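**Student:** One-letter residues, chain by chain:
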Amino acid sequence: GEKVEQHESTLSVREGDSAVINCTYTDTASSYFPWYKQEAGKSLHFVIDIRSNVDRKQSQRLIVLLDKKAKRFSLHITATQPEDSAIYFCAASMDTGYQNFYFGKGTSLTVIP
Amino acid sequence: DAGVTQTPRHEVAEKGQTIILKCEPVSGHNDLFWYRQTKIQGLELLSYFRSKSLMEDGGAFKDRFKAEMLNSSFSTLKIQPTEPKDSAVYLCASRLGGSSYEQYFGPGTRLTVL
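Those sequence lines, one after another, are chains A and B. Quick note on numbering: the first sequence equals residues 1 to 113 in our numbering. Quick note on numbering: the second sequence equals residues 1 to 114 in our numbering.
Extracted from the complex, chain A is given alone in its bound form:
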């Protein structure tokens, strides 16, 4: 089955800098790649996603890049703020009617004021 690896388990950046979190996946059939954020003591919530028909998507300070050839996707958080501190999970899913998510193990991002 699909396996998603999240390369950075922890990441620290200074406020205002950019943060980049990288994920790889194994199954070429995966076509949907969401990102979820988990703040301390809270549950996960959706932040941004990308589908395989595009290679870049932006929502305010969040940019997702997808490289299908390398089976790699990444989340870029620009102009980081302390409230961006959280655990970020990437996931991959196929679009074959069996749309389970395969999650990475999470990256703990700390934004230092």
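Please keep in mind that the hints were generated in silico from the structure rather than gathered at the bench. There could be a bad hint or two in this list.
Quick look at which bits of chain B chain A covers, simulated, 3 or more residues with Cβ under 8 Å [unchecked claim]:
no.	segment
1	37–46
2	100–113
Below are the BS3-like pairs computed for lysine-lysine, each with C-alpha atoms no more than 30 Å apart in a straight line [stated by the list, open to error]:
no.	chain 1	residue 1	chain 2	residue 2
3	A	K3	B	K39
4	B	K52	A	K105
5	A	K37	B	K66
6	A	K37	B	K62
7	A	K42	B	K78
8	A	K105	B	K66
9	A	K105	B	K22
10	B	K22	A	K3
11	A	K42	B	K52
12	A	K105	B	K78
13	B	K22	A	K37
14	A	K68	A	K3
Computed from a prediction, not measured in an experiment: that's the story for all the values here. For every residue, glycine included, the Cβ atom is placed at its ideal position computed from N, Cα and C.
Given chain A's structure and the hints, the job is docking chain B onto it.
**Tutor:** Chain B only, in chain A's frame:
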């Protein structure tokens, strides 16, 4: 609209006990997921329902974990018998389904097995 609700929020069980966790998905959502979250393993899928039908039963979790969806607005996860290694946060998530892929997560149940 109410989000996903889970009860109880915390559960403490003795080894060998049976515990039942409950989840109410977002109204109108067709897909429901149960996950186990630990620091070491991250998010592990336990069960996945689509329109109340079991699509995925989590493989390695089959023997002591049983999820049921008796109606479209209520699901349970039974762990029987519990073991200390089951201590984790159990998350329920729901999704509208079809072309809508976003999962909405509940607050989770923190289970401690002594």
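**Student:** Hints the structure violates: just list their numbers, smallest first.
**Tutor:** none
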